[in-house]
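Q: Single-letter residue listing:
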Amino acid sequence: MAAYGRIHADVLRTLAPPGRGYYTALALVGAVLAWALYAWSVQLARGLGVAGYRGAVQWAVYITNFVFWIGIAHSGTLISAILYLFRARWRAAISRTSEAMTVFAVLTAGLFPIIHLGRPWYFYWLIPYPNQRGLWVNFRSPLIWDVFAVGTYFMVSAVFLYVGLIPDLAALRERTAGWRRRVYQFLSLGWRGTQEEWRHYRSAYLLLAALATPLVVSVHSVVSWDFAMALVPGWHSTIFAPYFVAGAILSGLAMVLTLTIPLRRLLGLKDYITDRHLENVAKLIVVTSLIVTYAYGCEFFIAGYSGNAFEQAVFRERALGTYAPLFWLMVFCNSVVPLTLLVRQVRTHVWALWVIALLINVGMWLERFIIITGSLSFDYEPWYWADAIYRPRWVEYSIMAGGFAWFFLGFLLFVKHFPVIPMAEVKAVLGRRSDELGS
Amino acid sequence: MRRRDFLKALGVTATAAALEGCRRRARRLLPYVIPPEDVVPGVAAWYATVCRECPAGCGLLVKTREGRAIKVEGNPAHPVNRGRLCVRGQAALQGLYNPDRIRQPLRKRPSGGFRPLSWEDAERLLIEQLAELRRQGRADRIALITPLQTGSLDHLVQDWMEALGIPRRIIYEPFAYEALRTASRIAFGRDAIPDYRIEAARVLISFGADFLETWLSNVRFARAFVEGVRAVRDGAQVGRFIHVEPRLSLTAANADAWVPIRPGTEAFLALAMIHVILAEGRAAPSLPADEVRRLTEWVRPYDPETVAARTDVPSDRIRQLARLFVEADPGLAIGGSVAGTGSNATATLVAIHLLNYVAGYVGRTVVFGPDSHLGHVSRFSELRDLVAAMGAGQVEALLLLDVNPVFTLPRSLGFEQALAKVPFVAALASFMDETTARAHLVLPIHTPLESWGDYEPQVGVHGLLQPVMRPLFRTRAPGDILLAVARSVGEDVASKLPWPDFYTYLRERWQALHQRLAPDRDFEAFWQDVLRQGGVWETVPSEPVRLTSEVFQTKLEPLVLEGPPSESWTLLVYPSLHHFDGRGANRPWLQEIPDPVTKVVWDAWVEVHPETARRLSVAMGDVVELASPYGKIELPVYVYEGLRPDVVAVPIGQGHTQYGRYAQARGANPIELLSPRPEAISGGRVWLSVRVRLTKTGRRYPLVSTAARDRQLGRGIARVVTVEEVHPSVPERPVPDMYPKHEHPGYRWGMVIDLNACIGCNACVAACYAENNIPVVGKAEVALRREMAWIRVERYLEAVGEYPDVRFVPMLCQHCDNAPCEPVCPVYATYHNPEGLNAMVYNQCVGTRYCANNCPYKVRCFNWLDPVWPDPLHLQLNPDVTVRSKGVVEKCTFCIQRIQAAKDQAKDEGRPLRDGDVVPACAQTCPTDAIVFGDLNDPESRVARLARDPRGYHVLAELNTRPAVTYLKKFGSWGIQPFRNPAGRQIGSLADGQVGR
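Protein sequence lines, in the order shown, are assigned to chains A and B.
According to the working numbering, the first sequence holds residues 1 to 439 in order.
According to the working numbering, the second sequence holds residues 1001 to 1997 in order.
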């Protein structure tokens, strides 16, 4: 492992003026985002009818993306907060990436419910604040819980990310000049690295970690209640909260791998984000994948065992009917593929790992898509059942791509302006025994 | 400018600019400079008139607001429809406000195409043509084609023709019932369409007569049907209705038993039934012995066994039917549908008349006098003569008054070619249809809602038409045009027709009626009363008829069909409930509201049996070519179980090449395939005339049907009471709830829908579209199931076996007491109001669509796009109902505006609301009174009493939604069963939560 001095040098090197590749990536992401904005403006001007919604499928790709991105956010908090509390010292090197991913994923997720609205210009009506309209929100609606859950989550994870950054920002302040220095100076809040400051800093970080931890469980539970609290067969199920949390972590871990593997190569951080890190994430993936697979089985069992004809119809259509191709692809991605990680050779093979992570990302997106549109397609009134599968149109694809672009834009800007390796923390791990951390 | 002022200005401008983007700008708002005295803004004025969407002549009350007709309703005082209307009648407004109406006179350019001209020029042109022909002494070379007109306009046309010396007029109705008239003459010596007392019948056997769709007078018969055979007394349906037809039509779908007979063999079945009745000695005692003897002799060859082989109706079934029929007190057999009119139609109807006669029902349920005016329509053979004359160049001027023979006549008749040979064709029409487009001069006329007139559908029923608003466009009344011509065409004519306008002529004719009916009253008072009442009704005594001896000379021939005898299918073309003979096709509501049986929108199709589909290896939406000896058309396949395998069926009404943006280029016109030969005996039109070859084209044309599934998958949405069912009535269990119950201190609005009365006719749907400003979204959007209908009629086909089990369920917002949509709305855009309504606040809706997801009944519609009403359709919009914009959810409100109006009126009159004061649009128009609305808090209200009926159930009650809509189970699949429940057993309802049949 590298020496203290090299850590600074290595990390600061990642902040050096970027090359052509970086700008190309930025331009690409920017172009996709601009196109998505155009698509959204068309949707705003003409109405949601330009999207492919059909029949009872009134929630579709936008809500799928919302749930997907919220899920992505989760593993960030898992790695940075929960593993911190559990003193898993290996997490240090990937914690910054994960936290940044959390913040940008929540920022992306938060866009989709607004895009989904029929009249998005009134989205603020969902926020309870005293207003001269004399209107108030309905606290019985899970959508209001969402507003709180996502809002809280964003705030806590942003603060958590920021607090973790402070010592590193101070370090950057020392090594940079010009306007950058002034920015870092401002952001580092006058950090000097005194013993007193470190003591306060550690307890604050610990507290924030403790605060963020329940959010991992609560936020996605609340999101899952959007569905579980509804009457729709295929949604109305008590398993949803744990099922969604496990799914969220699975998708989030996969996304961490999807991002860090190219990142550490591009930024030359192999010494910090080691194969061991990746292997540990892979092990977590296996665990969460098994939980998710159990949940899949459980849903079918309950549908069959309950004798509830409505529930049975949804799951019959899901596994054997119109949604069967998507469903079995999802099972392959989320339940079968991760099992290969049980083999050590696979999980230590970096590129295999990356491909598997990508497949899991696809699978988890499909999972949400199938739950949302598949259940709505076959609810109580056979008269209103889907006679054809819902297909997104160009507007939805564009906006969905725009979501990814927005996420990567944030991430790209982040890696060039902030240290992706928490220097202070890595140094601490390097110098001290793990049980001393965080005290 | 000071800094503060600048900032203020900036703020205001920015806000205004931002808001402008979100809101639709109001169009010009022009205040009245001098307000008309009798128009009170916000107060509706109602005018009584007559519906002219078909020859049935139902009475209308038209609601106008600020000088615009916004809704039509049935006139409760009118004896034909007694306040109810069908889907076509509701859509009459879209004739008035049709964006494709002809707005000024047009003259054909030599190069084709029309050029507008002034009324003066147009009339001068017409007058010159007619005067010229008269001067040359060739007035006999002028001909007229008019639709069925009765009363003043009919007389004016006759007077006018006489004055001008025009001999030839064809009263043209595509559905003309010539065979029925002729059969009446043959059997009873009276060339008339009798009055059928369907309400009195206890056993109704229809030999194909689609009396719930287009046959004679569908609204009247629908009401009679539920008051007759469908009535429920002591927990049982009092009568039986058996429908005999090769196709399971909407009417057949409402039958207790459907007999899929071989096409064109109905007469044999009727005669076999007579055979059984006579053989068992059960003829009516009133029959003279010699008639019984002669009849017995006459029907001897038609024993059930022989006939069974011919008709595909088992002999046991024939006997059963005969006994059921003769035991009924009374029964009624009807026949003479358009679809079933084949080469032996007259003989068939003679046989049906005889069946009624033998059972003693003539004079009881089949009554001559008052006769239907449809009996005055010209025979098809007369029209053929005219076409021949036109083709031979013997007609030099042809006046077409609001008829479309080019579309409704078989192409093989050559009307189109003959028309081209007429040097001068003037069309008096409201729409540029196929015929009008071929005229040289087009004179746009008022629609019936803008016209004075009278109409007498049946002797003694004098309906009066009055304009309900000023004409929308520069159109004129046909009567005024005729009188204007008369004034200028020649001195002799002018002196014979001195009336200044048609209104004066009309009043003068009504003075005669006044003299006869109320001579002691002042005419002006009588006139005012008649205007208010919508007409005047006389009781016309019926006249007894005797069997003629001519009847025994009737030869019963088997049906003759043209076309290849093998590898072909009998083509059944049937009038569409929505489009009638095609005239409804330009009404967007009629296109968008799904066909009652196939539930297909905006299209035509060919119905084929699954077996046929297998043989041709075609599936739903595959295009096939239908080839008859007279033509070829291509249509997409609709695979339909309710059809004999040897028959294919095509609805009439689509396939327009003209007739405006809504009608054009949709499907094909099956009339093109038909034979031009008239029926031998009656000289009438033959519709069941060809066999067709079907060829798969390999192309696909997706049909859009709103029926995602035909089966209800055992979910108990449409339930029936079956013979076997002996469940005791179990009240719904109260389910514990965390939340306090809703309080309904004043009213608790609720609805009961009697599925035994619902015939699936879509009238409620059209009424709802009209009342609640529901936009039409078009085929592509309906394909995505984005139709906006607040009420839909679901049609489940449970089994099409021995007896069909077709179930209709009008589905609308159930206004649940425990509504799943309410708690999920984050902004309280939907909530439970103190009167039990599930209210929807459009302004507050942000469009999360969570409510729509959570509604198990799927009755919430989302405005995917902004609604569009092409000018002037928007003039029909109800000012009492918000026009919704894109991005909000909407649904049935139980016509909250009507509740409010009724309350206002009650308050003005200083009284509480009475039961029946509030009638939502759907319930108002329901021809069978299947929908009842009222206050559930009042235990004595009609709705509350019906809601306690043992047949009552709630759809998806197991979800504990506690709906305010109670459905009453249908008596289903009883077939040919005894009248009463065995041992008078209680008809129970299913236990709550139990998913019933």
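It should be emphasised that the hints constitute simulated quantities derived from the structure, not laboratory data.
Just so it is clear, CB atoms sit at the ideal spot from N, CA and C, and this is done for glycine as well.
Heads up, some of the hints might be wrong.
What the hints assert, rightly or not - A few chain B residues facing chain A, derived, Cβ under 8 Å:
| no. | residue |
| --- | --- |
| 1 | Gln-1158 |
| 2 | Asp-1159 |
| 3 | Trp-1537 |
| 4 | Val-1540 |
| 5 | Pro-1541 |
| 6 | Ala-1708 |
| 7 | Arg-1711 |
| 8 | Tyr-1803 |
Said to hold, decoys possible - One-sided excerpt, in silico: chain B residues whose CB lies under 8 Å from chain A:
| no. | residue |
| --- | --- |
| 9 | Pro-1285 |
| 10 | Pro-1288 |
| 11 | Val-1292 |
| 12 | Leu-1497 |
| 13 | Gly-1714 |
| 14 | Leu-1797 |
| 15 | Phe-1862 |
| 16 | Leu-1865 |
| 17 | Trp-1869 |
| 18 | Lys-1907 |
| 19 | Asp-1908 |
| 20 | Pro-1912 |
| 21 | Gly-1916 |
Q: With reference to the structure, classify each hint as holding or not holding.
A: Now the hints, each set against the structure:
no., hint, in the structure
1, Gln-1158, "violated (52 Å)"
2, Asp-1159, "violated (55 Å)"
3, Trp-1537, "violated (42 Å)"
4, Val-1540, "violated (45 Å)"
5, Pro-1541, "violated (49 Å)"
6, Ala-1708, "holds (4 Å)"
7, Arg-1711, "holds (7 Å)"
8, Tyr-1803, "violated (22 Å)"
9, Pro-1285, "violated (51 Å)"
10, Pro-1288, "violated (56 Å)"
11, Val-1292, "violated (53 Å)"
12, Leu-1497, "violated (56 Å)"
13, Gly-1714, "holds (7 Å)"
14, Leu-1797, "violated (12 Å)"
15, Phe-1862, "holds (6 Å)"
16, Leu-1865, "holds (4 Å)"
17, Trp-1869, "violated (16 Å)"
18, Lys-1907, "violated (27 Å)"
19, Asp-1908, "violated (31 Å)"
20, Pro-1912, "violated (32 Å)"
21, Gly-1916, "violated (31 Å)"
Violated hints for the displayed structure, listed by number in ascending order: 1, 2, 3, 4, 5, 8, 9, 10, 11, 12, 14, 17, 18, 19, 20, 21.
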